[in-house]
Amino acid sequence: MSWETVIGLEIHVQLSTDSKLFSGGSTSFGAEPNTHVDLIDLGLPGVLPVANRGAFYKAIRFGLATNAEINLTSTFDRKNYFYPDLPKGYQITQMALPVIGKGSIKIEVDGEEKVINITRAHLEEDAGKSIHDLFEGETGVDLNRAGTPLLEIVSEPEISNAKEAVAYFKAIRQIVTFLDICDGNMAQGSMRCDVNVSLKKIGDDKLGTRAEIKNINSFKFIEKAINYEIGRQARILESGESVVQETRLYDSVKNETRSMRSKEEANDYRYFPCPDLLPVVISDDELNEIKNNLPELPNEKEKRYIEESNLDISEAKIIASSKTMANMFEEACAKTDDSKLIANWLVGDISALLNKDNIDLEESKLTSNNFAVLIERISDKTISGKIAKSVLEEIWESGGSVDEIIETKGLVQIQDESLIEEIALKIINGNPSQVEAFKDGKDKLFGFFVGQVMKETQGKANPQSVNEILKKLLS
Amino acid sequence: MDKKTVSTIAYLSRLSLDEENGEKITKDLENIIKFVNQLEDANTQNIEPLSSPLEKTAKTREDKVTAQNRKDIFLERSPKSNDDYFLVPRVVE
Amino acid sequence: MSIQYKTINELSQMLKSRDISNKELIQETFNLIDANLHLNAFITLNKDASLLKAEELDKNLSLQPLSGIPIAQKDLFCTKDLRTTCGSNMLSNFIPPYSATVIENLENAGCVSVGKTNMDEFAMGSSNETSFYGNVQNPWGDKLVPGGSSGGSAAAVAAGIVPAASGTDTGGSIRQPASLCGISGLKPTYGRISRWGMIAFASSLDQAGPMARTAEDCALLLNQMCSHDLKDTTSLDETIPDFTENLDKPIKGLKIGLVKEFDLSQLDKEVVKVFEESKKQYETLGAEFIEISLPNISLSVPTYYVVAPAECSSNLSRFDGVKFGKRCDDPKDLEELYIKTRSEGFGDEVKRRILIGSYVLSAGFYDAYYKKAQQVRRLIKNDFDDAFKKVDVIMSPTTRGAAFEEGSKGDDPIQMYLEDLFTIPANLAGLPALSIPNGMVDGKPIGLQLIGNFLEENKLLRAAHNFQLSTDWHKKTPKRDIQS
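Protein chains in written order, with my numbering: chain A, 57 to 531; chain B, 705 to 797; chain C, 564 to 1047.
Check the hints yourself; a few may be wrong.
Said to hold, decoys possible - Quick list of in silico lysine-lysine cross-link-like pairs, DSS-like style, CA-CA up to 27 Å:
#, chain 1, residue 1, chain 2, residue 2
1, C, 895, B, 738
2, A, 226, A, 412
3, A, 347, B, 768
Bear in mind the hints are in silico, worked out from the structure with no lab data behind them. If you're wondering where the values come from, they're calculated on a predicted model, not measured in any experiment.
Next up, chain A with everything else stripped away, as it sits in the complex (with noise of 0.2 Å):
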């Protein structure tokens, strides 16, 4: 029996807003529990909510990079349902007319092209913190994220195996995080996902009974979690009974799913039009405001990296396909003038860093600024590529400053010709047996002396200055 997968994504956005959806309540993450909470977040008998422009502009970015249909009319819907951390005991949300209408978004696996339709994207608030493991027999509640902007984005159901799906993800995450309207930090939860998954024969038209197994938010428990239950979906299939439609949860501990809700009335979310919200309107005017100002787009830095900076199309691809990367490029090509030397650092050492750490680039010690600095010391000769290393290691590990490092270890690099002549003598005059054999052809023995003058100055010299001397004082 051959089973064909169809699966579709719901993936949930934090907005990188500085207030809440319907409040002026802080969005920043971290605050210690509840000291980001307004009247309206806590839900207050006779407060009101008032809708946050910006995150709509951030929304609305969204669409144009998926060449989706825009409503600049909107509507908002309550959803209704009890859980403690939802304080009004409903969720505003957008049911019946998103602010983002259908779109699309290309995605890669293994070299092959492939594009996913997405249904709709649009607002809604996000509920607070359930803490069910701090107190005894209590769950705390906190609310600091109760109100947070979030931008659901549904696909089609034409996801067909758990690699298209952390694909799809993956090139979702890099859109909002390059829009400049997410902070793509999973550890934080600023995205997280529900997958559906139904099985049916191939060839069939008709779309199985599906399963939602929700909040994922790690690529590698999204890959996981799709195998586990189509392989459960499968199993139940083949000894002839039916796929149950029910919600799930991942168990990442046990590398299973398990069915979440136990009583079926309680999805009955009386969905409604919000009657404290009327419909939100967004100029023409505005949505040509933001076009113009929309953010560049991988696809697009890489062009330009490659028309203007002179990278080759892989150099261009990896520095591109990071917004933290990108933007550490560009930060360092404004300081120092040689595209070509900076992209070296970042898809060499680099990510051979990142690989070896098994980390992506934001949760790294080196900061944007670090690393523009760095390139500047090595250009301006400072200190030697070999030296730069070493310094780049010592961030990597502990974080500080290019210059404080620089200074404390006293790692400037030799640039004084005479001084490193001096040296040169030295080295020549003290090892008259190896002089002797280079003169005779023994071309290699030029690296033993590099490396005396080297040692002599550990590590310090400028290596150019070093072989031109060398070469000159031992012709």
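Fit chains B and C to the known structure of chain A by using the hints.
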């Protein structure tokens, strides 16, 4: 109105209908629904539903933080809390 | 000098000419409250703060328009640091950390909020018999209801305890008690008065409004209550006129609409007689009566009883025992927390409306009920739009009869719902409407309703004021004058 519908609606509303008032409330609901069924007779073809008497669009806010930290007063005036959190019985997911 | 039954203007005059000091006025007010405890008009009193404010006003001569005027505030408005219950057990311990915009507006204009008035629980009711804090008595007779939901506010004004009170009107909750208590009350155009801080019952229908002894006093209060509030996006951005301007300009030529579909022959003969007398009075003042048709008006009450419960079922979900208000004792789990807290915290009428609301919004019923009701609502609004092309104001009795006895509406909620037959349509269409006393039936007062077009409170107030210049129904006071 059958018993299941009533108990579903009660659960959705998180209200309990005990022996005493359950029957009365069910009867009341039936009568009220019968009363509002009059709406069936209205000819509403092509009529746009009215969700607000105002024919206007929303004023929105600028994206700015304007709220102050009022944690102390919120927690103090809540039914159950500690220094940092509102507390509810342990939720098992 | 007695302050009982005085109007705002009269009290302002007394204060200005130093016939009474601010402190004396407030002290007298509290004496009146004490002497009328049997009315049960108040849930929470604000004595200390009121006396303090009065002392301040005595020290600093104030030019505020309502300086020193004692006002009773319906317990549906949040008042900072002063308990706000909404007539419910659920909020019996609720101390808001902020005040409603309308409260701030009135207090900034110099009003002294002497206390929070009793009301039907969460504004659901037409007789003030559903309050957790007990029934309110109509000053006009023992065991008579004052009407609802703003029963306490109406009783306080009718008994002459305060010249002014704030009320709210979702289906008639200002006008109906005004009628049954023999006072004047106005519901403005939807959006005139900010809903920030007004505990929501049915968001697209709720409006705050003044309740006072005369239409002129209502205008004085309305001037201060209205504002464009950025915290309420349904708050109107229209210019707020001076509602007291040109009130006594004659109303010759005023076109008054009589609704064909309001079959008055169904009403008590005495009620019809009073209404006919009022018509004659208006004719004397130069008004012209025109018959108009509001073809869908008979569907107003069923429409209301779909829309209002739907909105309230959602608005009241925040009462869950988690962040504010009451919580049940020792819930063993989350389910019990919700179910027990809400079942104990809410009274029967509130429960009924929440259940109806959940029902009409639920999957499978939404289109047939909620969507349908909102469509009929538009039909009703369209009917009014057409009617106002022909007339300036629409007139009807406010209620089907005078105050009835407690408990007399029996067990059938629908009997109570039909009390709001005449008042509900204006809420559905968002139109301004008022009620003024226009006669007596069996020794009990009854009211006349005027409905105006969008933003035309001036026309209503002028028509009402002119009526009050030439009649004295609004001057009548209950036989049992309880003096302080």
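Taking the hints in turn, this is what the structure says about them:
1. C/895 - B/738: violated (38 Å)
2. A/226 - A/412: holds (21 Å)
3. A/347 - B/768: Judged against 27 Å, a Cα distance of about 22 Å means the pair holds.
Of the numbered hints listed earlier, the single one contradicted by the structure is hint 1.
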